[in-house]
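4 protein chains.
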Amino acid sequence: MFGKVSFTEKPQLRQPILIEGLPGIGYVANIVALHLISELKAKKFCEIFSPSFQAFSLISREGGIRYPINELYYGSPNAADKDLIILFGNSQGGDPKGQHHLCNQILDIAENLGCRFVVTIGGLRRDLAPAESKVFCAATDMKTIRAAEEQGAQVMQGQIYGVAGLLLGLAKLRKLTGLCILSETLGLFADVAAARSALQFMCKFLGLNVDYSRLDQAVEINKRILGSFSEPLPPEKRRYPTAI
Amino acid sequence: MFGKVSFTEKPQLRQPILIEGLPGIGYVANIVALHLISELKAKKFCEIFSPSFQAFSLISREGGIRYPINELYYGSPNAADKDLIILFGNSQGGDPKGQHHLCNQILDIAENLGCRFVVTIGGLRRDLAPAESKVFCAATDMKTIRAAEEQGAQVMQGQIYGVAGLLLGLAKLRKLTGLCILSETLGLFADVAAARSALQFMCKFLGLNVDYSRLDQAVEINKRILGSFSEPLPPEKRRYPTAI
Amino acid sequence: MFGKVSFTEKPQLRQPILIEGLPGIGYVANIVALHLISELKAKKFCEIFSPSFQAFSLISREGGIRYPINELYYGSPNAADKDLIILFGNSQGGDPKGQHHLCNQILDIAENLGCRFVVTIGGLRRDLAPAESKVFCAATDMKTIRAAEEQGAQVMQGQIYGVAGLLLGLAKLRKLTGLCILSETLGLFADVAAARSALQFMCKFLGLNVDYSRLDQAVEINKRILGSFSEPLPPEKRRYPTAI
Amino acid sequence: MFGKVSFTEKPQLRQPILIEGLPGIGYVANIVALHLISELKAKKFCEIFSPSFQAFSLISREGGIRYPINELYYGSPNAADKDLIILFGNSQGGDPKGQHHLCNQILDIAENLGCRFVVTIGGLRRDLAPAESKVFCAATDMKTIRAAEEQGAQVMQGQIYGVAGLLLGLAKLRKLTGLCILSETLGLFADVAAARSALQFMCKFLGLNVDYSRLDQAVEINKRILGSFSEPLPPEKRRYPTAI
Numbered sequence: 001m002f003g004k005v006s007f008t009e010k011p012q013l014r015q016p017i018l019i020e021g022l023p024g025i026g027y028v029a030n031i032v033a034l035h036l037i038s039e040l041k042a043k044k045f046c047e048i049f050s051p052s053f054q055a056f057s058l059i060s061r062e063g064g065i066r067y068p069i070n071e072l073y074y075g076s077p078n079a080a081d082k083d084l085i086i087l088f089g090n091s092q093g094g095d096p097k098g099q100h101h102l103c104n105q106i107l108d109i110a111e112n113l114g115c116r117f118v119v120t121i122g123g124l125r126r127d128l129a130p131a132e133s134k135v136f137c138a139a140t141d142m143k144t145i146r147a148a149e150e151q152g153a154q155v156m157q158g159q160i161y162g163v164a165g166l167l168l169g170l171a172k173l174r175k176l177t178g179l180c181i182l183s184e185t186l187g188l189f190a191d192v193a194a195a196r197s198a199l200q201f202m203c204k205f206l207g208l209n210v211d212y213s214r215l216d217q218a219v220e221i222n223k224r225i226l227g228s229f230s231e232p233l234p235p236e237k238r239r240y241p242t243a244i
Numbered sequence: 001m002f003g004k005v006s007f008t009e010k011p012q013l014r015q016p017i018l019i020e021g022l023p024g025i026g027y028v029a030n031i032v033a034l035h036l037i038s039e040l041k042a043k044k045f046c047e048i049f050s051p052s053f054q055a056f057s058l059i060s061r062e063g064g065i066r067y068p069i070n071e072l073y074y075g076s077p078n079a080a081d082k083d084l085i086i087l088f089g090n091s092q093g094g095d096p097k098g099q100h101h102l103c104n105q106i107l108d109i110a111e112n113l114g115c116r117f118v119v120t121i122g123g124l125r126r127d128l129a130p131a132e133s134k135v136f137c138a139a140t141d142m143k144t145i146r147a148a149e150e151q152g153a154q155v156m157q158g159q160i161y162g163v164a165g166l167l168l169g170l171a172k173l174r175k176l177t178g179l180c181i182l183s184e185t186l187g188l189f190a191d192v193a194a195a196r197s198a199l200q201f202m203c204k205f206l207g208l209n210v211d212y213s214r215l216d217q218a219v220e221i222n223k224r225i226l227g228s229f230s231e232p233l234p235p236e237k238r239r240y241p242t243a244i
Numbered sequence: 001m002f003g004k005v006s007f008t009e010k011p012q013l014r015q016p017i018l019i020e021g022l023p024g025i026g027y028v029a030n031i032v033a034l035h036l037i038s039e040l041k042a043k044k045f046c047e048i049f050s051p052s053f054q055a056f057s058l059i060s061r062e063g064g065i066r067y068p069i070n071e072l073y074y075g076s077p078n079a080a081d082k083d084l085i086i087l088f089g090n091s092q093g094g095d096p097k098g099q100h101h102l103c104n105q106i107l108d109i110a111e112n113l114g115c116r117f118v119v120t121i122g123g124l125r126r127d128l129a130p131a132e133s134k135v136f137c138a139a140t141d142m143k144t145i146r147a148a149e150e151q152g153a154q155v156m157q158g159q160i161y162g163v164a165g166l167l168l169g170l171a172k173l174r175k176l177t178g179l180c181i182l183s184e185t186l187g188l189f190a191d192v193a194a195a196r197s198a199l200q201f202m203c204k205f206l207g208l209n210v211d212y213s214r215l216d217q218a219v220e221i222n223k224r225i226l227g228s229f230s231e232p233l234p235p236e237k238r239r240y241p242t243a244i
Numbered sequence: 001m002f003g004k005v006s007f008t009e010k011p012q013l014r015q016p017i018l019i020e021g022l023p024g025i026g027y028v029a030n031i032v033a034l035h036l037i038s039e040l041k042a043k044k045f046c047e048i049f050s051p052s053f054q055a056f057s058l059i060s061r062e063g064g065i066r067y068p069i070n071e072l073y074y075g076s077p078n079a080a081d082k083d084l085i086i087l088f089g090n091s092q093g094g095d096p097k098g099q100h101h102l103c104n105q106i107l108d109i110a111e112n113l114g115c116r117f118v119v120t121i122g123g124l125r126r127d128l129a130p131a132e133s134k135v136f137c138a139a140t141d142m143k144t145i146r147a148a149e150e151q152g153a154q155v156m157q158g159q160i161y162g163v164a165g166l167l168l169g170l171a172k173l174r175k176l177t178g179l180c181i182l183s184e185t186l187g188l189f190a191d192v193a194a195a196r197s198a199l200q201f202m203c204k205f206l207g208l209n210v211d212y213s214r215l216d217q218a219v220e221i222n223k224r225i226l227g228s229f230s231e232p233l234p235p236e237k238r239r240y241p242t243a244i
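Chains as they are written, first to last, in our numbering: chain A, 1 to 244; chain B, 1 to 244; chain C, 1 to 244; chain D, 1 to 244.
Derived by calculation from the structure, the hints in this document are not laboratory data. Predicted model only: the values in this text are computed from it and were never measured. Every residue gets a Cβ at the ideal spot worked out from N, C-alpha and C, and that includes glycine.
The calculated lysine-lysine pairs, modelled on BS3-like cross-linking and capped at a C-alpha distance of 30 Å, are: (1) A:K43 / B:K172; (2) C:K4 / D:K143; (3) A:K143 / D:K44; (4) D:K175 / D:K82; (5) B:K172 / B:K43; (6) A:K82 / A:K204; (7) D:K172 / D:K43; (8) C:K4 / C:K43; (9) A:K175 / D:K10; (10) C:K143 / B:K43; (11) B:K143 / B:K172; (12) C:K82 / C:K175; (13) D:K43 / A:K143; (14) B:K4 / A:K4; (15) D:K172 / C:K41; (16) C:K175 / B:K4; (17) C:K172 / C:K4; (18) A:K175 / A:K10; (19) D:K175 / C:K4; (20) C:K134 / C:K175; (21) A:K4 / B:K143; (22) D:K41 / A:K172; (23) C:K172 / B:K4; (24) C:K204 / C:K43; (25) D:K44 / A:K172; (26) D:K172 / D:K204; (27) D:K175 / D:K44.
Computed list of chain C residues with no C-beta within reach of chain B, every gap over 12 Å: (28) V5; (29) P11; (30) A80; (31) D81; (32) P130; (33) V210; (34) Y212.
Pulled out of the complex, with its shape left as it was, chain A reads as follows (with noise of 0.2 Å):
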């Protein structure tokens, strides 16, 4: 019980992405995974638990308890010739040593099923509102940097805390390549706006044919959004803007 990696499946997956999806600054990387998990109906094969997570539950809307978890999911894009992997959870490591266990624990997994490409998901917080979330990134070599700035995305500068960073360098000593997202928010709460703007620059990246006009949708429902994060209902139940 004091540490786990639990497979319902082991999938046979088209040269996988994992994309990073835990809670950070503004909730970026949460919000737009769950958001993908939804429109891509992903399904779940594999949980994380372990002693390196933070020392603490969460409860959802309902008033359920959600024990710190990471879970992995997989899906398949329309007319995308690759799967994803979509990394979803309540919690980051608790400390720095923690954090770099958790980090390799995923990529042991991401590259056992064949996952070459990372994307890693963050806010960049900003003191005053941004009147509309600038993306920035960073990536594990030029031609992905180069790529993304044709897109539109700036190059970040200085230091990445915690897994946005930590899991992209990681992988990157592996010799994957990858890429930071970094949507700037005031970081006060869960900032869909924020995904929002993280996630149409995934998808245009990735070539994804995702849906987001149900995220949009979710801006209004903001605050009562951090609830339902920490436990995910199955994809038949979740109904915008009730579910999420």
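Given the coordinates of chain A, assemble chains B, C and D onto it according to the supplied hints.
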């Protein structure tokens, strides 16, 4: 000496319910557990010593030092068909990993004794003193949430840090059921009024017949109470208002 | 090199008393230990090196660097039938788990040498400079508390963080007896006045015949003292006021 | 993948001196190391990957992500009879235990290559901008301190946190000799002026003939420098002012 679980007895218990009473916001859980131990003349059967605890010692009102410890008691409420396992102590885990370790130790013991239901208790911090401490709840399942709502609790939202959150979350991970009871408090001192709200709610919810009139008297000795938390007198010596 | 307990001697001691003198609030314990080592011409017999220490080095007044270390000395007070084990050093544990590990290492060594009584020393932080530093105490048992009260100490309330608290708590867990001596201090610098109160009280309590006139002189060199803590001169070279 | 020391070469070195250049206050050590690597065309022979590092990644000026890493280079100053081992990197340890682990790893490698002298470098934070950054020092032995004083350094007092302090302390524990060079800085940005003071002092102290005119030019590109720290270009591509 670097961590030990020490049993004085392996009690035979009837469908026992674990009640968490470690120190936290407003010492709500600690007061409730101490009162229950006193009223039920509960018997200590297990002590947990661990390097996962915080790095301090506590002092009783008389100046007696007390190492970090968690203790498990069992007791039988009048006219109930269930026994209680009461977790009392003076320390939570000292860091996130220590919290995970401690919670799993406690659940291992409780499960081993046949426990299938867990109650955690905590304070819900407010900036203004509440007229009376309202009770909020979260639970492992909708049936328990509904039952708590029927008894007057409101549904909690957000995150619950520390053992009150993590213990219930990890209980759910083990397929146990359970309830978290949070009582509003300023959290600046040992808040007996908040503890009374939590205790009254818990007794109603569990169908316990516990006298809490003596807890009412304890309001006046609020400021004197903190020291004696750390060194519980044996039940036969505890008399209100001098003992608590 | 990743942690080592190194003995230069395994002394034969008469019912030795362990006296804790690690750096803490106002450097009270550190000053007391350093003075005792000097006055008793105590002899170092053990060095502890550990990755549990804080991540720093200290600099002596002359610029000499000093790795994190704990040292154990033994000495025989005049006309006493008991020997002293004096714990001196420049670092406590770097995190809660490190504190537990360090305290247990020290108690293992002391018990092994026949120690059954432990004295820990600390500063009790006050916001206003006390006219004179009053001494507060906590102990493992009521007999020791009463004896300390008879010598003029007041009973401490609350919690004692760090090695002064944890070491005594873990000593009690091992069925040792002992006393914690806390002396009021602003805690802003090496407080020799607070150290003198603690030292005078300890000598009276333990029946030690130690000259502390030279500690009095040390008040004037308060500001110069911090550096030399980190690199204790061998006893034969320590002469007040130049050496301390 | 959970921690690795990777050698590309085991160089034969002449009485090598280890020079620490990890990021810290004002990035003083980092700038000095980067300049030395560039000027001496030093060659990387070892990379350290560790879960002890901080949980982040860094981004180069061009947007390239860089995992936490420490690197060891070797180089031969003109007309010197000693080689240098230069420790460069983008992360210190993420917690106290990680710092101890990292420092011991580095010293193991250096000792193995015959190193008997260690130089650590750091910033000494000041609240007001110093007219010029004076150099302070601490050392493992009085002979080294005297030699540093003769070159104009003042003797440091107090404690040195992080790798600049701990590495030298642990070096002393291994009977190595060495010097810590601290340069005054506001510490708010990559302080090339403070780095120049430290570098000039070190070159004089070690008898190194290194051109630091190009470091002077680097003052103007202060603000652009931080990104490129994380991803040092290969020596042949580094040209001032564009490359640093």
